[in-house]
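Protein chains: 2
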Amino acid sequence: MNSWATWGQDLHLDLSERRARGLGLRAALEDALREAAAGASLAPGTRLPSSRVLAADLGIARNTVAEAYAQLAAEGWLTSRQGSGTTVADRAVRRGGSAPAPRSPDAALRYDLRAGRPDLDLFPHAEWLAATRRALASAPRDALGYSDPRGRIELRQALADYLGRVRGVRTDPERLLLTSGYAQGLSLLSAELHARDGSARGGRPLAVEAYGLAPHRAVITAAGPATVPLPVDEDGARTDLLARSGAGAVLLTPAHQFPTGALLHPARRAAAVDWARETGGLVIEDDYDGEFRYDRQAVGAMQALDPERVVYAGSASKSLAPGLRLGWLALPVALVEPMRARKAAADGQSGVLEQLALAELIRSGGYDRQVRRARLHYRRRRDRVAALLAERAPEVRVTGISAGLHAVLRLPDGLPGGLPAEEVLVERAYRRGLGLEALDSFRHPLTAPDGPDALPPSLVIGFGTPPDRAFGRGLEVLGGLLGGE
Amino acid sequence: MNSWATWGQDLHLDLSERRARGLGLRAALEDALREAAAGASLAPGTRLPSSRVLAADLGIARNTVAEAYAQLAAEGWLTSRQGSGTTVADRAVRRGGSAPAPRSPDAALRYDLRAGRPDLDLFPHAEWLAATRRALASAPRDALGYSDPRGRIELRQALADYLGRVRGVRTDPERLLLTSGYAQGLSLLSAELHARDGSARGGRPLAVEAYGLAPHRAVITAAGPATVPLPVDEDGARTDLLARSGAGAVLLTPAHQFPTGALLHPARRAAAVDWARETGGLVIEDDYDGEFRYDRQAVGAMQALDPERVVYAGSASKSLAPGLRLGWLALPVALVEPMRARKAAADGQSGVLEQLALAELIRSGGYDRQVRRARLHYRRRRDRVAALLAERAPEVRVTGISAGLHAVLRLPDGLPGGLPAEEVLVERAYRRGLGLEALDSFRHPLTAPDGPDALPPSLVIGFGTPPDRAFGRGLEVLGGLLGGE
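Protein chains in written order, with the working numbering: chain X, 20 to 504; chain A, 20 to 504.
Derived by calculation from the structure, the hints in this document are not laboratory data. Idealized CB from N, CA, C, for every residue including glycine. Where hints are given, some of them may not hold.
[Stated by the list, open to error] Simulated DEER-style distance windows between Cβ atoms: (1) A:A156 x X:P159: 24 to 32 Å; (2) X:R129 x A:R488: 57 to 65 Å; (3) X:R392 x A:A156: 15 to 23 Å; (4) X:D487 x A:R391: 39 to 47 Å; (5) A:P63 x X:D140: 51 to 59 Å; (6) X:D487 x A:V185: 39 to 47 Å; (7) A:A323 x X:R129: 39 to 47 Å; (8) A:S383 x X:R100: 50 to 58 Å; (9) A:P468 x X:G265: 47 to 55 Å; (10) X:R399 x A:A323: 54 to 62 Å; (11) A:D487 x X:R153: 20 to 28 Å; (12) A:P63 x X:Q176: 26 to 34 Å; (13) X:A323 x A:G64: 29 to 37 Å.
[What the hints assert, rightly or not] Simulated coverage check for chain X against chain A, where a stretch passes if three residues somewhere in it have a Cβ under 8 Å from a Cβ of chain A: (14) 150 to 156; (15) 193 to 203; (16) 369 to 375.
Go ahead and model the full structure; you've got the sequences and the hints to work with.
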């Protein structure tokens, strides 16, 4: 049983982790408080900080905290009294003996238009099982044993060919490391960079885009390095500012900046590589949706500019499913052995069945077919989003949709009778069962919300996640919301 | 291109990692040198330390180094000249551009009797595919998306039931964490213990058994804590000495000490739990082969003595296959949230397809059948080993075979015309294509080879790894070796 002081220290990390599981900010906060009040973490009677203080601590909108408090008071977990603030209610539920069960994250979300997740209905069950069967039948006897920490040679060979052909990546099987999703690759790289920089002396920070995924920033900092933000504009990250960032490495999303959707300008690509060459720095290229470009030929991987200075990172999380945990890094030669050793120490190797199955799927052409099928599917959804917004909310500017699974809706400002602030829209959407996010919720904490590097009020909506039927209805709700209904 | 001084620093870690992939000590050393000489790590002309100096640096037998040098000189990688020592030969092979490809680890081993790996022919291909198909068909739509970092609830539920029924583990689904094999669980636990102890102040060491797997010790130290050895005798680890070890936690193999095969005595179990309670310490129970006991009822998990002080760790690596990377931890309540956060930061979650398939296999009874089938198979092999040794080398004492997949052969000492030293036997076996290991190769570096805690000369042979035909022929070779042929 802890006081707020003890428990609250970890709340920031706890929220990052919940958001990594797909919760919106307010839902994450509500769940964290609910668990703490229901379980053993916060004693009945514990006094919570005011919504103003907690909002400042967490760097989030006060309104979000106030609404979370109100929701939990309505549910009976908290007690709010005028003058005495908010306290944990006096009812002992599930105390001790077992950890509390978290609420299902999407319980209240009927239409999930949050970015970052694919349509799982596209996962090719039958093809995957068939590929697994064929791969198992032809694999050598020891394939299911312990093997190279970098992963099975069958998949490294197939991926080297595929990435070269489709994304222009310059690599070979010896330089590929297969990881448990992109997250593990980022974690191992961050730890390696931190160790090289001399972790005992504090290390150098890793530069990240000023708008990006907080869970990825959390992965980096958990592995050692601090993060510093690089401003983002319509040409992508301001890599021209790398020299003054003090960073030893930079994480970029060149093909489709997440979440703004910008394509990194060729001059910015060159600037990043030049910086890396001059300073001995490293560029990490997160190619999270590089295969999903609609309106022209896919832009090749930046890694090809200098394979010894750029680590290419990809995964099957968008093309197949995140739950497969299939990620890969194309490494500079100098990083192969250190990263192999880190992978060995972290978990020995990744699971081989998925590796063998994906290798077989790539070799047989099934993976190309799957990517084409998914691209067509998402392109159609994107067109529906664009059409709906043109009709229902013509004053909203839609950007970032020449590629990927999400769009950025720039809200008009200063219009008479215009839309309310983004945070209000998000909360209003949530109450209608519609999940979406404010662009501001992706902002790096060191980028001031009212400073020169802050981006204008916008919503980020993903069109990958919902099943088809919910997608159509979700769009209707979105149209109503933006149309002022 | 590095000097020996730079490259040699990492050789110890490199060897550990290669041994983790199943190489014998000499083979690991040969491979490391071969890669360095073939690749960019050691320049032609680089002078290597003498076999005496390198052997002392690495804490291994001088003979092993000398034979590795001789082998690589025979292959043309090294040059040995009387008076000027051993240098890297002047031939530029595969220089630059790509990392060198390691030799296949088992190229020279026709009969692999090294411990620690199961017979992969037992993996139930058809049943596994069928379970995957059924699991995919009945899984909720979002199962393949991002979910709880602890792993799928289906498998946590099935495992909580199974572990309680078969191993007497006291846990529930909320306290189970699914990891990428046992190795990841050990790594995350070690990091958590290190952080709790105050890593900035150096932390407390983790006590391990004086004889055990070097790769596991490497996983622990890579995550932070140093290791200190606990002596091992016929009653298992000397947990009565924990109080004076200075350790904050201890890693034990209570059901079947690896590699001696001892069963941890009830008094020793109680001593470990008492120590943990009194000092706030933690016991990690590595139940790596707890389901494979032959001569009487399986011994229940030690975790049941105090689920808040003992972490139970298991995996499907012996019962199914290591390549599945299916491991699990049954955690004390206080460790659930910190470990969930560490898992989230390490790789988000483990792959869900294997989780769903194993859950289905357990629920359907297929997993029980698989374990029974494997137990019968290994028991027959064990009986063949015992019969062979009784006939061909009656002076060799066989221990540790009432359970598990390996045996310890205590070599007679002082016999006239007796067997040569264990290291010589291992090298001689290797030359005949037979892989086995000296008990001494499992010794903790802080346990003196000639001190009071050193165990008598013995061989460790595994009877899990080879396919059936190679197993029979391997036994013949073993019989010849021990029979003095």
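Structure-based check of each hint:
1. A:A156 x X:P159: 24 to 32 Å: holds, 30 Å
2. X:R129 x A:R488: 57 to 65 Å: Because 59 Å falls inside the window, the suggested range holds.
3. X:R392 x A:A156: 15 to 23 Å: holds, 21 Å
4. X:D487 x A:R391: 39 to 47 Å: For R391 of chain A against D487 of chain X, whose Cβ atoms are near 45 Å apart, the range 39 to 47 Å holds.
5. A:P63 x X:D140: 51 to 59 Å: Given about 58 Å between the Cβ atoms, the range holds.
6. X:D487 x A:V185: 39 to 47 Å: Taking Cβ atoms as reference, D487 of chain X and V185 of chain A lie about 43 Å apart, which means the hint holds.
7. A:A323 x X:R129: 39 to 47 Å: 44 Å Cβ-Cβ, so the 39 to 47 Å window holds.
8. A:S383 x X:R100: 50 to 58 Å: This hint holds: roughly 54 Å between Cβ atoms.
9. A:P468 x X:G265: 47 to 55 Å: holds, 49 Å
10. X:R399 x A:A323: 54 to 62 Å: Roughly 56 Å apart at Cβ, these two residues keep to the hinted range, so it holds.
11. A:D487 x X:R153: 20 to 28 Å: holds, 25 Å
12. A:P63 x X:Q176: 26 to 34 Å: For P63 of chain A and Q176 of chain X the Cβ distance comes to about 30 Å; the hint holds.
13. X:A323 x A:G64: 29 to 37 Å: holds, 35 Å
14. 150 to 156: holds (count 4)
15. 193 to 203: Our answer is that it holds, as 7 residues pass the Cβ test (under 8 Å) against chain A, meeting three.
16. 369 to 375: It holds, with 5 qualifying residues against the three required.
Going down the numbered hints, you'll see the structure goes against none, and every one checks out.
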